[in-house]
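Chains as they are written, first to last, in this note's numbering: chain A, 1 to 292; chain V, 1 to 191; chain C, 1 to 158; chain Y, 1 to 800.
It is possible that some hints are incorrect.
One-sided and incomplete, this derived list gives chain A residues near chain Y with beta-carbon spacing under 10 Å [to be verified]:
#1 Ala4
#2 Tyr25
#3 Val190
#4 Ala193
#5 Thr275
As a list, the in silico DMTMM-like pairs of lysine to aspartate or glutamate whose alpha-carbon atoms are at most 20 Å apart [stated by the list, open to error]:
#6 Lys793(Y) x Asp779(Y)
#7 Lys668(Y) x Glu29(C)
#8 Lys735(Y) x Glu124(C)
#9 Lys735(Y) x Asp123(C)
#10 Lys262(A) x Asp711(Y)
#11 Lys110(V) x Glu140(Y)
#12 Lys81(V) x Asp779(Y)
#13 Lys454(Y) x Asp501(Y)
#14 Lys124(Y) x Glu7(A)
#15 Lys108(Y) x Glu180(Y)
#16 Lys124(Y) x Glu139(Y)
#17 Lys91(V) x Glu140(Y)
#18 Lys795(Y) x Glu87(A)
#19 Lys63(A) x Glu87(A)
Everything labelled a hint here was simulated from the structure, so no lab data went into it.
Even glycine gets a Cβ: it sits at the ideal position worked out from N, Cα and C.
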Amino acid sequence: MYPAIIEDYQRPESLQEAVAILSGYEPGDAIFMAGGQSVMQAMKSRMVRPRCVVDLQSIAELKGISSANGLHIGAMTRYVEIAGAVELAGANAALRDAAQHVGDRQVRNRGTIGGSCCWNYVASCMPAVTLGLGAIFHLLDPQGKTRAVQADDFFLGPLETARGDHELLTHLSFETTPRSGSAYKKWGLVTDALPVVGVCLKLSLDAAGRCSAVRMSLSGLPAGAQRAPAGEAALMGSDGSRESVARAMEAVVDSVECHSDKWADAHYRQQLIRTLGQEVAATAFARARGEQ
Amino acid sequence: MELKDQIRINAPRERVFAALNDPAILKQAIPGCESLEATSPTDFTAVVAARIGPLAARFTGSVSLADIEAPVRYTLSGEGKGGPAGFAKVKASVELEEDGAATLLGYSVKADIGGKLGQLGGSIVDRTAQKLAGEFFQQFDALIAAPAEATDDAGDSKPVVMAQPPARGVGPVWWGVAAMIALLLAWMALK
Amino acid sequence: MKTVSITINGERYEETVPARMLLVDFIREKCALTGTHVACTYEGVCGACTVQLDGEAIKSCMMLAVQADGHAVTTVEGLARGAELTPLQQAFKAHHGLQCGFCTPGILMNMSEFLEKNPDPTDEEIRHGLVGNLCRCTGYVHIVDAVRAAAAQIRRGS
Amino acid sequence: MSAKPDDRGSWMGTRLPRKEDLRLITGQGKYVADIVLPGMLHAVFVRSDYAHARLVNVDVSAALEAPGVVAVITGEEMKSHCRSLRQPVLLPNLPAKYPTYYGLAVDKVKFHGDPVAMVIARDKYQAVDAAELVVVDYEELPVVLDPEAALDADAPRVHDEEADNLMFEMTFTGGGTDEERAKNEAEVEKIFQSADVVVKGRFRVHRTGTTPMETRGVLAEWSASDGLTVYNTTQRPHIDRLAFADILDIPAEKARVIAPRDMGGGFGLKAPFYRESVVVAYACRKLGRPVRWIESRYESLMNIGQERGQINTLEVAASKDGKLLALRNRGIADVGTGQIGVYWGFVMPFLGAVEMPNAYTWEAGDTNLKVIFTNKACLTPSRAFGHFPTRFAMERAVDMVARKIGMEPSDLRRRNLVPRLPYTSVTGEYYDSGDFLKVWDNLMVQVDLPAFRKEQAEARAQGRYLGIGFGCGVELSGVASELMVPMENQPGYGAATVRIDPRGKVFIMGGDAPGGQGHETTISQIVAATFGISPEDTIITTGDTGTTPFGSGTIGARMGSYFASAVRKACDELREKITHVLAHDLGIRATMEEFAFTEGEVVYQRDPSKRKGFREIAERIVMFPINLPEGEVGGLETTAFFEAAKPMICFNADACVVEVELATGQFKVLRWQTSEDVGNVINPMIVDGQMQGAIIQGLSNAIFEEFIYNDQGQQMTADFEHYKLATAADVPDVKVTYASTPCPHTPLGTRGIGEGRPSAVPGALCNALVDALAPFDIDITELPIRPSVLWQKLKAAGAV
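My request is simple: use the sequences and hints to build the entire structure.
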């Protein structure tokens, strides 16, 4: 189908120009277009009917991965670039795990990390992964003011984020902690489908090889991207043994709300949390130990 | 979709029932409510501008009341139309029970959505509806419980919003409307 | 209405179009290049409309024409040079990689970029690369055969 | 890459690359959506949001005012200006309730997606804008969705004019009278009473179908002199033409239907006559301008392509040494509204019931089918027409017997395959020819079961669960008039016109309308082989009722059986004429058999110096028709018809190997191996492709796809995010092998293949899963089979 009438299309070339255009509209009347792989679905089904589309493609500052001074990823950095970025190792390797399996090649050639996080669809990978990695979201407002929002505060629930109506997400920054590893894995009925359940785990090891810091997040559940604090607590001090991971995932299963739908019932989702948890834990520990 | 819960409101039963019949309160408590009008003693229409994240829509709902047994219980049925998006149908019952100075408000809602709204609503319908119902109650509780708390010297006082006496016969429209908005939002919340 | 200039298969098209026009409609209706197909509604899942935007495979139904202003698009009509088919096109013919042909242009546009990035793919990589293109006729078997054969042919040629 | 004729110079049996491909791989294909006519308008349907509701009012005033809008058509207008779709040409000769319905809904909407109005605008975007402005006032009615509950006396009725929701009921065994059937039932019961082993299952198959990548499309134009021309995505243009004429009340000579040469798959979905086509055709006549409707995927998934949808309660009696004795089945098909012309939803389950006994010998059978209306989209034909569910039930039941008596399922199958043909099944289906055992034995050679059992045991010792599953299927090879006339009120014969031009080029015209099966190539090989010319020198035209002989369409594997045979017959008639003239010119007395058509020449075999180029003799007969043998006239063109006296079949057998992960129930199909009897193969590459595609469709149906209605009758799977098709990464490679027996009833020994091919798949798949999990003794009787379901079963069995 076809989008409803769009009165105006703008393609700003600077950040300031972009936020200025948006601020000229009532909230919701103008939207930023990043890769468009979600927004176009919403526009074509006419769930979203913007008066103005502000296309971010020409703003160079929004693009690319930089590890010069901590890890920064521009909001308009595409999945294809993240999937192939060798610098995303160890603590941030989960970004690659996710980006390699979002949608399909064509989607990965257009879709962006910032677009996905700002859309915050209920079942999607990037919100859960950036949450699991503890990303910081950098926002710019029309007055030129910037603010940094922790991932825990950025995602407010499906389709809602802390981004203000007239704010632009410019980039995300990530910690590059040593002796750390992360991993993400999802399951869907067909290959690379939206997650029925996905698990992201990031951990740091102490000198004895035990977990000294953990973040865990889930995708695919009705709450949208969410932390799994019970699992995190249970994994602290773990050496990565299957038993310790199993205990942690059981704690997760006990503490989160799973739902039933046509792809899987709630019990099966719980089982996926258990099995995916084991897989991502094995990978994350290996990465933290420098084995991968 | 079915929602069922019981919540405790810090106000006596009569007062809760009256507030549920007060369009001004309801209008404030319903997220995004633009208007709330009685078209007959038992029929009401509401226009709600709902918004979630990047999505926005205006939604027209109509609600009819039945089995009114003040201040104890009533049932309602409602229908909301989202234009080409589809429709929502709601059947609900509410029961108020005294719990000391407070009131236990029990409700059960069955809602069905149709058209694109339902097809694209997917599994997040319940969640969104619950969230909105939660928002409503939070606001509702804040609106009607505040005076009682103030007289109890129970810490920070909240502004008293109850501005006018309940209009006669205006029923608890929030039900249908809240659930319908929830459904509409669920529809929009899909990619 | 917006005036856009899009280079398609090396030819520049300047047209004034509504902002809401999809790129795929621009290609099919404004440029009369009907090799690019549409097979889903709003979901953008089937991949039949895949073209290359500045050399990368994308779904032209998931983009507005105005977004492609100033860019270069390649469609299936732009693959062959005159009568000379590309190795991938030849392989699809030789290995019966198509039946009804409706999904084929999208697959060719996706796989020709895929093979540039990964000239020596495993079958598993080919299949993973094809996830964004639904085919209902072939069961994918001969498509995988064709892509594998084309990869070998391209490697031999270079 | 180009194939060559075989040693004898024949193109038959060679892997000739397809003639169709060049245009399709270069973007030059012309599908219906690619056809643009001057002044063309765009149509969009407004469809019901409700599954069952009275139409109180349809207000089109705002839509009419919208920019670009030319007209809005409603059901009332269709009813007053056109006949209903309940026309004799579209009605089977079977006793069923046939609802009266029109191009658009009148009075009532009966399923979610029922068309209520059609908006026509100059621009397709504007047409969608305006469709949003049509305001429909519905009075909701209670829905009936469960086919079993639909038979309750107080169930809401889908069609007000009918007494109940039972559309069709038939018993397929025992004979024609109630008395005979009762006697048969008693006899079957006696076998069940005394049998060593009885298995019983309630086998439920969900709604799923074949979903071609190209949706439907209709482009209609009207001219006062020529009447109606419709470009329609149809598999049967000649039947459509009659239907258009009858419904729109147009003289039949003023109706022409053209199925575009390129059609993006059909698989049966494009075989019915659809109501949307009528509205588009009506609108173009009313407006005097071309009108085009291209179906959206959303509409397609809501309206068509839904098949399967049966519950079969099947019992099988067997002896303890593995002889199948009797079957008893009670089938229920959920047909939806039944409002789709030609098939009416029930013809598929009807044939499915007929085909239930499959390739096995039975002493007796007792089968009954009830087809029931519900507030859902009408079932439409899909490849494996009706018997995907019955075969799933049968192939599972056979394995259940094998397990019960401790026999290898493959051994049990072989023991019960019909050993000699012809044979008539307990439901009266005639199996003409072939060799089932040869096909089976070839499969077992490919599979090497002892080696697999060893691999399986070793894997199991390591905690890996491998399983093997078998299935087989008798499929119709085309449909003879004997079956087509009662079933679809249409002839089964194949028809072909063959014309040779003065340059020796051969034109073939057929009334069928292919959608990717490679007719142009296959026919060119037959013609090339028959005339000893190159396939390049042939031109095939299909789909245009204005230029092709009457035919029932591309349905039911008619290509290799009926169309190919008609082409061959026509070619032979022309060979007869050519050799007759040539013998006359050479001054010899010779019969056709004494000439060879080879390498572009016609050679007198007793004296090869006596020969003439094919082109030269063609030119002589077409252009210089003088000095001809007595009684002969010039010209080289003929139309031939082929009809088989009895239905014909093909046969196939499948084996697959799966691996299941206990912890999640996730499984992978590791190998898929087939053995086929397709008669003489014209182009093995094309046949391989047909088989592979069919098998993957079957897998995708069995695992991923499902049309879901919620408890309000809302269709919840109307896009590809919700209706999941298998991607390339989800399915295995498929190895196709042949153990063919030439068909004695076709001139080339060919059989039609491909239509029924997916039906052996779900049984084989589920048998493999059950085999892999044999230690836990689970069973599968319902589809779709998904990891979550398998895991629940494993959990219930205490495996995890």
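For each hint, the structure was consulted:
no.	hint	verdict
1	Ala4	holds, 7 Å
2	Tyr25	violated, 21 Å
3	Val190	holds, 5 Å
4	Ala193	holds, 7 Å
5	Thr275	holds, 5 Å
6	Lys793(Y) x Asp779(Y)	holds, 8 Å
7	Lys668(Y) x Glu29(C)	violated, 43 Å
8	Lys735(Y) x Glu124(C)	holds, 17 Å
9	Lys735(Y) x Asp123(C)	holds, 15 Å
10	Lys262(A) x Asp711(Y)	holds, 14 Å
11	Lys110(V) x Glu140(Y)	holds, 17 Å
12	Lys81(V) x Asp779(Y)	violated, 46 Å
13	Lys454(Y) x Asp501(Y)	violated, 63 Å
14	Lys124(Y) x Glu7(A)	holds, 18 Å
15	Lys108(Y) x Glu180(Y)	violated, 42 Å
16	Lys124(Y) x Glu139(Y)	violated, 30 Å
17	Lys91(V) x Glu140(Y)	holds, 15 Å
18	Lys795(Y) x Glu87(A)	violated, 42 Å
19	Lys63(A) x Glu87(A)	holds, 16 Å
Checked against the numbered hints given earlier, this structure breaks hints 2, 7, 12, 13, 15, 16, 18; the rest are met.
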